[in-house]
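Here is how the chains run, residue by residue.
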Amino acid sequence: MEKFEKLTGIAAPLPLINIDTDMIIPKQFLKTIKRSGLGVNLFDEMRYLDDGSENPDFVLNQPAYRDAEILIAGDNFGCGSSREHAPWAIKDFGIRCIVSTSFADIFFNNCFKNGILPIVLPQEQVDLLMQDAERGANARMEVDLASQTITTSDGETISFEVDSFRKHCLMEGLDDIGLTMAKVDAIGSFEKQAEQARPWV
Amino acid sequence: MSPKTLYDKIWDAHLVHEAEDGTSLLYIDRHLVHEVTSPQAFEGLRMTGRTVRAPDKTIAVPDHNVPTTLDRAKGIENEESRIQVEALDKNAKDFGIHYYPVSDVRQGIVHIIGPEQGWTLPGMTVVCGDSHTATHGAFGSLAHGIGTSEVEHVLATQTLIQRKGKNMKVEITGKLMPGVTAKDITLSVIGKTGTAGGTGYVIEYMGEAIRDLSMEGRMTVCNMAIEGGARAGLIAPDEKTFEYVKGRPHAPKGAQWEAALNWWKTLKSDDDAHWDKVVTIRGEDIAPVVTWGTSPEDVLPITASVPAPESFQGGKVDAAKRALDYMGLKAGTPLSEIKIDTVFIGSCTNGRIEDLRAAAAILMGKKVKDGLRAMVVPGSGLVRAQAEEEGLADIFKEAGFEWRMAGCSMCLAMNPDQLAPGERCAATSNRNFEGRQGRGGRTHLMSPAMAAAAAITGHLTDVREMMQPENEPA
Ligand code: SF4
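As they're listed, the protein sequences go chains A and B.
For the first sequence, the residue numbers in the UniProt record's numbering are 1 to 201.
For the second sequence, the residue numbers in the UniProt record's numbering are 1 to 474.
No wet-lab data here; the hints were simulated from the structure.
As the structure is a computational prediction, the values presented were derived from the model and not from experiment.
One should not assume that every hint holds.
[Stated by the list, open to error] Short derived list, chain A residues pointing at chain B, Cβ under 10 Å:
#1 Leu16
#2 Met23
#3 Lys183
#4 Ala186
Yeah, the Cβ is synthetic: ideal placement off N, Cα and C, and Gly gets one too.
Build the full structure now, drawing on both the sequences and the hints.
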């Protein structure tokens, strides 16, 4: 997995609440058997008009935000399905960090497996970052995972919380499966004990 | 010992390892797999030379992409869909896992066939690369959806890295009124708590109204726990659960059955267990409901009217404006005046035999409104066969419904069963998101009986007006 240490980039404002996984990547793009190439279809139904051309009103189509690497979003981002195509599409577009007041559980998990940092902040701070993001391409924010801070374009610093294990994995780019494989003995002895306790499983 | 919830008990019984910071390794008893969220995971195994650790605990079925037309034996037309299903065929064979191909009568929606085949049992941990895995919680098993990276993790290690969630109790007291079903319960809960109300929690549903539900109804309730943001929804197993499980192909038999039963009977929350959040709703207060917007929390009794966006607060004001715009609705319109074009009965929420019985009971001897498209997609081949045996299929067909083969179908419209832009659908599925049933399609969620009533009148309808008065208490 790609490491996440520090990111300085443009933040795009997306103030809608309850942005669901069907909005992030509609089902017609779930038919792939690959993880890559989904970026062009990120937010497909909001991003493109019925004739397939770009919707000029959508934030990521505006010149200032085409290269956004950070997303500031409304409450409950990523609700809906478990499709990992959602973070794959986000990452493929080039976004590595999402800030919101809350995220849906499975989506939140999926981000960490893909080198994306989801940050939960209180409403006032999300509002502040939203305003900053609305200033466009010159307003670059810095997200520093080591110090767990976001620095706005005005130099204001906001701290955020992150689970220590997930932080460690992101910063080192660690693969979960490899880590768990190292505990194979514990899994084996659990299986023996479970076989005794619940042989019908 | 300190008192525990059911969730605590199942969690503890499956804990392989817990780090100091609370990061835990949880053993997985059943891993269900479908074609959409698994190809990248199997590919990952191949690339790293890993194998499936417990193929006998891994069960695969294609459901999302499969055609549900009667002639589907001739193959899948859409190339990408076909490739995905063929990839699952191959992966199941190469890795030696249990498999129900499209041609098998036992094929169906993954969350319907797990319980049907007896793979899902009380006290188990069940995962699937699908958010509606919560369905299996109806058996008192800890069941939740995972992403594809986690699918790969479970395939390789039969474990999942987790942090324990919090405990939430949702109690539905008393009795339901006539015409009110499990779907109305689960939608009403989401209406009350919001789609993020359960985030970080595992919900246990309890109370008399939940106890009174059949296993099918309990699955409907748990199915939508995820729509309320919860990681999983649970209902403690009882005699109904054991009765449902007994004799299923993969349920324990003989002495093992007795041993299992002994343990299953201990699977309930202790009286003085701690709850981080409690929600209580009186069963009598629940009405038949429909959704009006583009989030499952946008739900109201059928007797209400489309709400004004200004009646909400915060970000919901804009969200409601956007939803009404998308849905083509005006504030103040009575919900029962909303005309529909299509009716979809099916999905892992309401594609079981009891759902088809409820819809057929309303449709008996009636006709679908002229010009309306109506389809029934049974949740599995076996549900379909049973419905044919019980004569339900004939009722649907005579009413003017299409009688389809099993699959996810128009619940998410990955196969050709889709809404056209602007088309409005009364659906028994679980998501009314923008574009869910087809780009620009408009979805109103409701119970099977309510969907059947709408099919007859051509508009959203209070099913209670169609129920035989003699069946009701005076
Ligand atoms: S029926 Fe719908 S919700 Fe259920 S598994 Fe299929 S697509 Fe998902």
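Tested hints:
Nearest Cβ of chain B to the Cβ of leucine 16 (chain A): about 7 Å, under the 10 Å cut. The hint holds. Because the closest C-beta pair between methionine 23 (chain A) and chain B is about 6 Å apart, less than 10 Å, the hint holds. The criterion of a C-beta within 10 Å of any C-beta in chain B is met by lysine 183 (chain A), whose closest approach is roughly 6 Å, and the hint holds. Interface hint at alanine 186 (chain A): satisfied, since its Cβ lies 5 Å from the closest Cβ of chain B, which is below the 10 Å cut-off.
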